[in-house]
Amino acid sequence: MPNVSMTVNGKAVSAEVEPRTLLVQFLREKLSLTGTHVGCDTSQCGACVVHVNGKSVKACTTLAVQHEGADVTTIEGLAQNGELHPMQEAFKEHHGLQCGFCTPGMVMSAIDLVKTHPNPDEKTIREGLEGNICRCTGYHNIVKAVKAAADNMGG
Amino acid sequence: MTSETGVGASVKRKEDKRFLTGKGRYLDDINRPGQAYGAFLRSPHAFAKIKSIDTAAASAAPGVVAIYTGADVAADGVGGLICGWAITSKDGEPHKAPAHPAIAVDTVRHVGDQVAFVIADTLAQAKDAAELIEVDYEEMTPVVDGAAAVAAGAPQVHDDVPGNLCYDWELGDQAAVDAAFASAAHVTTLDIYNNRLVPNAMEPRAAIGDYDSGNDEILLYTTSQNPHVARLVLSAFVGIAPEHKLRVIAPDVGGGFGSKIFIYAEETICAWAAKKLDRAVKWTAERSESFLSDAHGRDHHTTAELAMDANGKFLGLRVNTIANMGAYLSTFATSVPSYLYATLLAGQYTTPAIYANVKAVFTNTAPVDAYRGAGRPEATYVVERIVERAARDLGISPVELRKRNFIAPDAYPYETPVIMTYDSGNYPLNLDTALKLIDYDGFAARRAESESRGKKRGIGLSSFIEACGIAPSAAVGSLGAGVGLWESAQVRFNPTGGVTVFTGSHSHGQGHETTFAQLISEHLGVPIENVEVSHGDTGKVPFGMGTYGSRSLAVGGSAIMRAVDKIVEKGKKVAAHLMEASAEDIEHANGVFKVAGTDKQVTMAEVAFAAYVPHNYPPDLEPGMDETAFYDPTNFTFPAGTHIAEVEVDPDTGAVEVVDWAASDDFGNVINPMIVEGQIHGGVAQGIGQALLENAVYDPDTGQLLSGSYMDYTMPRADDLPSFKIETTNTPCPGNPLGVKGCGEAGAIAAPAALMNAITDAIGVEIDMPATREKVWRAAQSAQQAAE
Ligand code: FES
Ligand code: FES
Chain A
1 MPNVSMTVNG KAVSAEVEPR TLLVQFLREK LSLTGTHVGC DTSQCGACVV HVNGKSVKAC
61 TTLAVQHEGA DVTTIEGLAQ NGELHPMQEA FKEHHGLQCG FCTPGMVMSA IDLVKTHPNP
121 DEKTIREGLE GNICRCTGYH NIVKAVKAAA DNMGG
Chain B
156 MTSETGVGAS VKRKEDKRFL TGKGRYLDDI NRPGQAYGAF LRSPHAFAKI KSIDTAAASA
216 APGVVAIYTG ADVAADGVGG LICGWAITSK DGEPHKAPAH PAIAVDTVRH VGDQVAFVIA
276 DTLAQAKDAA ELIEVDYEEM TPVVDGAAAV AAGAPQVHDD VPGNLCYDWE LGDQAAVDAA
336 FASAAHVTTL DIYNNRLVPN AMEPRAAIGD YDSGNDEILL YTTSQNPHVA RLVLSAFVGI
396 APEHKLRVIA PDVGGGFGSK IFIYAEETIC AWAAKKLDRA VKWTAERSES FLSDAHGRDH
456 HTTAELAMDA NGKFLGLRVN TIANMGAYLS TFATSVPSYL YATLLAGQYT TPAIYANVKA
516 VFTNTAPVDA YRGAGRPEAT YVVERIVERA ARDLGISPVE LRKRNFIAPD AYPYETPVIM
576 TYDSGNYPLN LDTALKLIDY DGFAARRAES ESRGKKRGIG LSSFIEACGI APSAAVGSLG
636 AGVGLWESAQ VRFNPTGGVT VFTGSHSHGQ GHETTFAQLI SEHLGVPIEN VEVSHGDTGK
696 VPFGMGTYGS RSLAVGGSAI MRAVDKIVEK GKKVAAHLME ASAEDIEHAN GVFKVAGTDK
756 QVTMAEVAFA AYVPHNYPPD LEPGMDETAF YDPTNFTFPA GTHIAEVEVD PDTGAVEVVD
816 WAASDDFGNV INPMIVEGQI HGGVAQGIGQ ALLENAVYDP DTGQLLSGSY MDYTMPRADD
876 LPSFKIETTN TPCPGNPLGV KGCGEAGAIA APAALMNAIT DAIGVEIDMP ATREKVWRAA
936 QSAQQAAE
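Residue numbers (this note's numbering), protein chains in the order written: chain A, 1 to 155; chain B, 156 to 943.
Treat the hints loosely; a few may be bogus.
[What the hints assert, rightly or not] In silico EDC-like cross-links for lysine to aspartate or glutamate, where the CA-CA straight-line distance does not exceed 20 Å: (1) B/Lys-178 - A/Glu-89; (2) B/Lys-721 - B/Glu-687; (3) A/Lys-30 - A/Glu-18; (4) A/Lys-92 - B/Asp-775.
Treat the hints as calculated values from the structure; they're not laboratory data.
All chains, full assembly: derive it from the sequences and hints.
What follows is the structure in structure tokens.
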């Protein structure tokens, strides 16, 4: 079995994996980082989004072995010293989550979105989150949260 | 006290931190020591005899622990899955309940039906082995459409159900309706299909069965909205284990929308297999499996006729519905197109005579059961579409026609001709509020502006009603329910003043951990951070009927209030003793006990401490401050409101843009407005999804589910939806101590009719849901040609 090493949430990790192991399986099963979720099997829902070298990636659609040496951030790695990331804070403040299942992927996508569009309008936010499905919120409050976070993140 | 954490405050949710930091514990995040993994082999055919199953090669595959087929399950005496609501056909016959084995025995009846369960050391091994099982099928011709299933000569889904008819049921006074039609000045008719939906909670269903042989106890983790009901059914009917030897835990659950109420084959098999193997067994659905095996929603063919006098006053309503039950009866399937549907056909109107006939039929499709709204969206869809069509027929404004027929705000309690007694409401106020929100008066100008760009603009209303807070046990018992629908709560003070609330309601997104804590904060003066809400574990919570039918606050919250009353009553006795007064002289408010007319007082925290450290304690009183209460409601609750959709249609492409949405809803008193608004957003999004995008389509010839993944089944995404304008009006519900009505389903009930009415208004032609681009384009083109 091949060995794969990468940095996840700032920590060096290394493990033997079956070649067919997906990045999301590696995170959930080998590293017990279960905050990254699996909501579909067709790369459509975005519940699995993590950052690989700073860009959002659907972790269900890529193999762990493809990320040798990569720098990966998951939802567990966002809060620093017990302080929520401004995007996490905004989701809480604006009730951008209900069941919470889509939330990790949604937050990771939203952070990348704001990085690319520091001052997004509603249309940009809605289009930018098109790869993430939420069944609970109707997106209304997610859009509000992302806008507020963008303002707070100094966009 | 309207404090920052009390009733009426938009308190930020206590549960959010764990969800936002990846610390939620959903089912697939849980692992048991030594657990094996299960994978189901599912039928690729819609209807076939199983001639043989050869598991030899699969059994020899690496890592395989066991392979079970229907024969093994039957040999072990595992009971079939049940339907817990008895419906009586109009000829007096009970509904037909064909066998529903957890794994098919000799016949598969829908694509995705369970054929075998493979358990292996790893998931990959289980899946690999499942592919090695050889099944010899003899295919038969399936039937997938409800109307086709009752036609003469249709394939018979079950040998013991002639004509595929589960029941032929009626409600209302047929003779009175016939008389109303005989005297009518005008009759409007409607023929519509309420499309089949796949609930699609984002967390797929999953289960882990585990077994403790020392105590002969089964522990079942399952994605459930009602773990106690799961335990009851698995124990009493399926025979998995006695209730006291079966613990069911529904941990964090990623959405339900009805689909996680039911007791499914998969968790049944996991619990059974765990004991058989003395080893934990985990199964998690892939999304494709969810599409095939979660209970679907809706799927009604309906014709309706509305009789009116010359002024547009409604005289009578006649409704005929064919409801598709799928291949087997799911847990509450029979109640959905009957008592949850036809009882709401009065809508918000004074229609004096109503008659409904419902034929529930079997087909070779996934079982159909409650999905957000369950029967009530189907009722509102019929009523609100026929009302707008009637308005067009008569040339009366849809606003005016509704107002002429609304039940008046002073007419409560109001008994409808379909057995409901509405308790409170103000329908004209909601309509007017929604009209203002959307600037109805400015619509003509907006339409003209759209015209100038070659677009067609439309506006549509839906004045919905629902019966929630399900439900008085005596009432539902008399209508065929196999269970009571009360709720339980336990309020436990710890000696140091913290409180744990155990509730039989289950939160899978609704925010109970916050809303219920607000009740304690408000009524017992406990800081909200000192209140913990515990739910979802039959090993902790006394009992529970779970969360569905917008019942958690009206029924579960009321149970909490009953427990609070008991705490206060006991607290008064302790306080009286501590202050050397008589209990009759103690007044309580917000966690402070006072001797009336004096400035002597003690706090709830002091009283709780004394109850646990009873050094100075009333001699005739039990120590401890821990009270349990059960609450059985006295009536349903009746949330109602008006939603208005505004759309812009591009006649050249068929694209429908939802440009505006206004909703005015009456949910009675509101505990947390932020959470209530969130529920509306989500419900409306699902309703818009149904009207515009979503459709579970089975191929009529092969019975294959054509829209069986997110590639084909169109889920509403952020860029499909507008932001919503929402207001609530609050007519307190007289039927429960909180005065609340429930808000979880309203959006999904109201939205489809509003949106379809808006599209009709835009293009001048009526079409069925979902209003896909192709359908809208064709309709718009034909309308244009007809006009030319
Ligand atoms: S799990 Fe759905 S996109 Fe990755
Ligand atoms: S919060 Fe439940 S799916 Fe988004």
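Results for each hint:
1. B/Lys-178 - A/Glu-89: 15 Å, holds
2. B/Lys-721 - B/Glu-687: 19 Å, holds
3. A/Lys-30 - A/Glu-18: Holds: A/Lys-30 and A/Glu-18 sit about 11 Å apart, inside 20 Å.
4. A/Lys-92 - B/Asp-775: Violated - the C-alpha atoms of B/Asp-775 and A/Lys-92 are around 48 Å apart, more than 20 Å.
Violated hint for the displayed structure: number 4, the only one.
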